[in-house]
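Student: From first to last, the protein sequence lines are chains P and D. Converting from the first sequence to our numbering requires adding 19 to each position, the first position being numbered 1. Converting from the second sequence to our numbering requires adding 19 to each position, the first position being numbered 1.
Simulated from the structure, these hints should not be mistaken for laboratory data. We put the beta carbon where it would ideally sit given N, CA and C, even for glycine. Do not take every clue at face value.
Computed, partial: chain P to chain D, Cβ under 8 Å [unchecked claim]:
no., residue
1, Val71
2, Leu117
3, Leu136
Chain D stretches covered by chain P per the calculated footprint, using a threshold of three residues with CB under 8 Å from any CB of chain P [unchecked claim]:
no., segment
4, 67-77
5, 164-174
6, 327-334
Protein chains: 2
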Amino acid sequence: MRLTQTVQKGGCAAKVSAIELRKILAQVKFPPLRSEVKVDGALFDDAAIVQVTPEIAMVQTLDFFTPILDSPFLFGKVATTNALSDVYAMGGKPQTALAILTFPAADMDLGVVTDVLQGACEALTGAHCSLVGGHSVDDPTLKFGLSVSGIVHPEKIWTNSKAQVGDRLILTKALGTGAATAALKRSEVTEAEISEEIVSMTQMNQIQDLLGADLLSSVHAATDITGFGFAGHCQQMAKASGKTFQIQAASMPLFEKTKIYLEKGFLTKAHRTNKEYTAEFSNFSRLSEMQKLTLFDPQTSGGLFLSVKESEASQILQKLKTRFQKAQIVGDVMSQTSFAVEYLP
Amino acid sequence: MRLTQTVQKGGCAAKVSAIELRKILAQVKFPPLRSEVKVDGALFDDAAIVQVTPEIAMVQTLDFFTPILDSPFLFGKVATTNALSDVYAMGGKPQTALAILTFPAADMDLGVVTDVLQGACEALTGAHCSLVGGHSVDDPTLKFGLSVSGIVHPEKIWTNSKAQVGDRLILTKALGTGAATAALKRSEVTEAEISEEIVSMTQMNQIQDLLGADLLSSVHAATDITGFGFAGHCQQMAKASGKTFQIQAASMPLFEKTKIYLEKGFLTKAHRTNKEYTAEFSNFSRLSEMQKLTLFDPQTSGGLFLSVKESEASQILQKLKTRFQKAQIVGDVMSQTSFAVEYLP
Chain P
20 MRLTQTVQKG GCAAKVSAIE LRKILAQVKF PPLRSEVKVD GALFDDAAIV
70 QVTPEIAMVQ TLDFFTPILD SPFLFGKVAT TNALSDVYAM GGKPQTALAI
120 LTFPAADMDL GVVTDVLQGA CEALTGAHCS LVGGHSVDDP TLKFGLSVSG
170 IVHPEKIWTN SKAQVGDRLI LTKALGTGAA TAALKRSEVT EAEISEEIVS
220 MTQMNQIQDL LGADLLSSVH AATDITGFGF AGHCQQMAKA SGKTFQIQAA
270 SMPLFEKTKI YLEKGFLTKA HRTNKEYTAE FSNFSRLSEM QKLTLFDPQT
320 SGGLFLSVKE SEASQILQKL KTRFQKAQIV GDVMSQTSFA VEYLP
Chain D
20 MRLTQTVQKG GCAAKVSAIE LRKILAQVKF PPLRSEVKVD GALFDDAAIV
70 QVTPEIAMVQ TLDFFTPILD SPFLFGKVAT TNALSDVYAM GGKPQTALAI
120 LTFPAADMDL GVVTDVLQGA CEALTGAHCS LVGGHSVDDP TLKFGLSVSG
170 IVHPEKIWTN SKAQVGDRLI LTKALGTGAA TAALKRSEVT EAEISEEIVS
220 MTQMNQIQDL LGADLLSSVH AATDITGFGF AGHCQQMAKA SGKTFQIQAA
270 SMPLFEKTKI YLEKGFLTKA HRTNKEYTAE FSNFSRLSEM QKLTLFDPQT
320 SGGLFLSVKE SEASQILQKL KTRFQKAQIV GDVMSQTSFA VEYLP
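One chain only, chain P, in its complex shape (with noise of 0.2 Å):
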């Protein structure tokens, strides 16, 4: 059985689109803010923080998704990198998960439900995680994901929310997961010829033991690159910090296949749907169809996407490519102009 198969979408592009998100969002009524909540979902940060003690915040987040790999094992795998991804995009440190699990109890193999648990396993054992419980329901299609918390200082948080004129802008991995499991899933490829993307989608957002605190406090906004694409992250924390991100779409780094997957037409609903999310405040007039699409591309464990202060910016970059390989300087933060992005080819 191939797990790509039994669901229609896979992975960050089975998300529901931004857009109907915010339809959905802005009819309710919700509850109060507790005091102690300081950072919530109101600016598309990745996760939620609360603070417990002045040392202390806890950071909360929450990542389930379908089957974008046909191993159970290495599905696992990057489901837990990815939801993971979300603590370590706000600074953080991760400490436990609970598992979110639905799969066909009657008519799925149980060896694929503890290889996809395995996976997740490996994942957490790697990240100091313990894995405290969780919930399983019966259900169609097999879904993965975890609850994950963490700990940071709350003078140590990054948001999304802080990118300061004159900052850089650095982007972790490359580019182009979106269209490598869509050709995996159409049977275009197999999981061998993915492998490059595979490796990046296990890979942990982890960059607290790289940079130095001297340099981790350049790192003025972060988040992660997920199902709404670069294009919907960068204009989310573009204009939760009020500033134009100015992007140079030529550095932008891609997978070796990934302008071949495209061109292939090897597509999902996300890439479609984050277009029409960005269309309003992101300005690609200058950029290529080809380009365009590498945007729009909704990624599955991305990397991150950080806005760091200018002088400290190249040695925060070489300190990254020691372990992200793919990591490029990709724009550069501006005054507020009447986009959220502007892209230059």
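Since the structure of chain P is already known, use the hints to place chain D on it.
Tutor: Just chain D now, with coordinates in the frame of chain P:
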């Protein structure tokens, strides 16, 4: 559109059975447990406990399921009450929640999803719990739930495992939501006709304000009754505590029509799997078939099951009855014998 007609199984009856779950988990090699983790899923507790400071621990839990009612608002409210219950069952106070949401984005009126979220927000507001984020997946069937975080003093945690010989056992809500909602799903009753069960499912398991500090400290162990039925959760608590629970089946609180619905055969798969799950360690030999069925009935947002100091039991019951009219003393804790649970007729 009637929500219950869009899914095969509803509510906590859609849980993967405890037997299947045990088979899967037995095969998985888990990450090491961090020293901060004071309670994990090993003893089937309702939530995990992670210590943050000597005075503060976090309670972490996660629950989600398919529609158990036709009204989106009520479904959201019941799912939320059910998720919050796990925090209360550990002696904690909820603080923040993350939403788990799946729905068919192309086919479902967004107003349905809005109503589910609004029902959730009403329950969260009542619990002083903030909604701080979440994740949504485009999926053929609606599912909703929450990952909830709360706080508890590390010395005031209620677990499954500390029932003491001589304790009396109290159940706070009536049994029978499984049969009633099965009847609804089969269109044998309307939502209005099961209002007693719906009121119960939306009643928060908050009891800390009812019992003073003294009475709270007389609660030695606690859990909430959900998908594995009274029989399943009672057995889990007896085994975790290393005791035998003697239960008076005749004292068990039921909804007015629970027996009628069960007699008519409004059963779910969980009635069978809960029977299998408890066949080895619980002795039902003196009970009628009807009594057994009530014990296997899967509860959604069921009551708290408390093991309390014998001398305070009647005072605790009296206080509980001011809010939970169906609360009853249903049994006693004995030294361990060959069965974890002995049912008396």
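Student: For this structure, which hints from the list above don't hold up?
Tutor: Of the numbered hints given earlier, the structure breaks just one, which is hint 6.
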